[in-house]
Amino acid sequence: SKILTLSSLEHIRLRPGMYIGRLGNGSHPSDGIYVLLKEIVDNSIDEFIMGFGKRIDIRVENGAVNIRDFGRGIPLGKLVECVSIINTGAKYNDEVFQFSVGLNGVGTKAVNALSDQFEVTSFREKKSLFAQFKSGELKNDPATNDTNESNGTKIRFTPDSKLFPNYCYDLGTIRKQLWNYAYLNRKLTITLNGEKFKSENGLLDLLKEEVSEANLYDIVHCQNGQLEMALTHTEHYGEEYFSYVNGHHTNDGGTHLSAFREGILKGANQFFNASFDGPDVRDGLVGAVAIKVQEPIFESQTKNKLGNSELRSWLMPLVRDT
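Under this note's numbering, read the sequence shown as residues 29 to 350, first letter to last.
Calculated from the structure, these hints are not laboratory results.
Check before you lean on any hint, since a few could be wrong.
[As the list claims (entries may be wrong)] In silico PhoX-like cross-links for lysine-lysine, where the CA-CA straight-line distance does not exceed 20 Å:
{"#": "1", "residue 1": "K215", "residue 2": "K204"}
{"#": "2", "residue 1": "K320", "residue 2": "K215"}
{"#": "3", "residue 1": "K154", "residue 2": "K106"}
{"#": "4", "residue 1": "K154", "residue 2": "K182"}
{"#": "5", "residue 1": "K236", "residue 2": "K226"}
{"#": "6", "residue 1": "K215", "residue 2": "K236"}
{"#": "7", "residue 1": "K182", "residue 2": "K106"}
{"#": "8", "residue 1": "K82", "residue 2": "K182"}
{"#": "9", "residue 1": "K204", "residue 2": "K224"}
{"#": "10", "residue 1": "K190", "residue 2": "K162"}
{"#": "11", "residue 1": "K320", "residue 2": "K333"}
{"#": "12", "residue 1": "K224", "residue 2": "K236"}
Produce the entire structure from the sequences given, and follow the hints as far as they go.
What follows is the structure, encoded as structure tokens:
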């Protein structure tokens, strides 16, 4: 029998769903073209979290995405392998990236592999290096040049239309993504085709924007160590939540959201010395919770649901007592 050996980027192209979830054409917020954009922005966010670069500029036009951050720039000697070889990068060092989203070393490489055209330029200490790829294959001979550009990284990619037929980026979907980044990274400025996204008050700003009807009391907002949360009640039925891990929106919640909901119930029962059921306390609740975890465990490559079971032991009491 024949044994087929694939390079890592070839495997990504052969099994893209393992890395970015659904493919789609951009008509749904979970479609792969938005995951590609997010994977690149996540790296820029990590630079901001580490204290490097307070602005990220994004342009989306004619099916291509351009992202420029003002972090440290990828080390020039590592540029090609950092965007094309799996499991290379700095994010495996806990001291360097304590609360990173992209810990698997795959993100940028997946974007490269799934793009018809992928270009990256690193600006670092008055030097620059440019690399150009097609479907994950290096197409130029990168050479170092002098530059007056500020430190940082610039990436341009065009999703492969063979993998994403008839795709089209919806700017409304991207705006929602970018507002989530802004709420979770105060003082960071993001621009999309010149439009600015910036938050001064984190999850408080998020709930002010998302609560569409009159809330019954002022939004409760607090931050305690690695936890930030905000909540209020409205007159509508049911519960609505926004949950995040290390700046990443977990669409499907997970253990942090379960602990948050449980902590709210136990806190109410403790305060009123009562035995309320969940619906008694949480009906009409709109809440947001964001936590930072050094080793997040997600239930899929697309990171939509957190699975760290050990969180409950410290997160639930923290919410309850707050």
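Comparing the hints with the structure gives:
{"no.": "1", "hint": "K215 to K204", "verdict": "holds (17 Å)"}
{"no.": "2", "hint": "K320 to K215", "verdict": "holds (18 Å)"}
{"no.": "3", "hint": "K154 to K106", "verdict": "holds (17 Å)"}
{"no.": "4", "hint": "K154 to K182", "verdict": "holds (15 Å)"}
{"no.": "5", "hint": "K236 to K226", "verdict": "holds (14 Å)"}
{"no.": "6", "hint": "K215 to K236", "verdict": "holds (18 Å)"}
{"no.": "7", "hint": "K182 to K106", "verdict": "holds (15 Å)"}
{"no.": "8", "hint": "K82 to K182", "verdict": "holds (15 Å)"}
{"no.": "9", "hint": "K204 to K224", "verdict": "holds (12 Å)"}
{"no.": "10", "hint": "K190 to K162", "verdict": "holds (13 Å)"}
{"no.": "11", "hint": "K320 to K333", "verdict": "holds (14 Å)"}
{"no.": "12", "hint": "K224 to K236", "verdict": "holds (18 Å)"}
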